[in-house]
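Enquirer: Sequence:
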Amino acid sequence: MEHSVSTQWLAENISLPNLKILDASMEKVIGIDPIVYDRPLHIPNSIKMDLEHDFVADVEGVHPYPDASKVSSLLAAMGVKSTDTIIIYDNQGLYSAPRAWWILRSFGFKQVAILRGGLPRWIEESRETTSIIAQSVTTSPEALALNSTLLTKADEIHKNIKNREFLVVDVRGEQRFLGKVQEPRPGVRSGHIPGSSNLPFSKLLDGRQLKSIQILQREFKQVLNNSKHSQSTKLVFSCGSGVTACIAAFAATTAGLTDLSLYDGSWSEWGSDESLPIETSVNESK
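Position one of the sequence shown corresponds to residue 16 (the working numbering), numbered consecutively onward.
Think of the hints as simulated: they come from the structure by calculation, not from any bench. A couple of the hints might just be wrong.
To be verified - Listed next, with one range per pair, are the computed distances between beta-carbon atoms:
id, residue 1, residue 2, range
1, 195, 29, 42 to 50 Å
2, 289, 32, 29 to 37 Å
3, 155, 51, 34 to 42 Å
Note that this is a predicted model, so its numbers are computed, not measured. For every residue, glycine included, the Cβ atom is placed at its ideal position computed from N, Cα and C.
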């Protein structure tokens, strides 16, 4: 299955029996100017995938990654099965849908795609919307297993500063990356992981959707060519809290890259830990 589908494709296939439409919109939007709706709007037959309150681990952190047991139970309650064709969207166009896409892929779901342009495009095309989330028919929980290569932990990131086995790509804005502005979350230091490269996720977007595959390929090639930190082509994406990093991971996948991972703790974890080193410029460590 393609990594994304058009609104036309969804409109034509919206009544397929094994099609599940997941609304992965988030209440809190950071890094872009949010689209604010005066009332709830959803694509018909949408099931809510709550990334902020449900699909999170029961530990401290900013929506930390959920484990297999929790994901299995939640999807069963939503009536979502691994054999379904799953289309994910959000109400910002392309913001949190890639986070849901990455979670499902990391637990072995194959038939998963993101709706190009999301809800904004659906509305622009005057397609039908509803204020009601679909009622789910629960199914039996499936045995799921995490593909651990798709997640990278802080200790691996720390070792990589010296080992240089992969390249950390920080997708926050340049001013945050360089530590020139205060972080939006209290108690989080300013700066970036030593040796990491900056590719703001906004550079991968054309409005509310991804740029062309050719432009995406050029952006990632430039990041790899400019990096003196790693000779590997493996990319580990980081952001503020693990959400917009998934936009870059989705863009890289769309561009044909395959050796990809997510640092889920991202800067909210790294910047909060005084024992971990930071840089506030390309060569100034603290």
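Enquirer: Note whether the CB distance of residue 155 and residue 51 lies within 34 to 42 Å or breaks it.
Expert: 39 Å, holds
Enquirer: Take a look at whether the Cβ-Cβ distance between residue 195 and residue 29 falls inside 42 to 50 Å.
Expert: Given range 42 to 50 Å: holds, Cβ gap about 46 Å.
Enquirer: The hint says 29 to 37 Å between residue 289 and residue 32; measuring C-beta to C-beta, is that right?
Expert: 53 Å, violated
Going down the numbered hints, you'll see the structure goes against just number 2.
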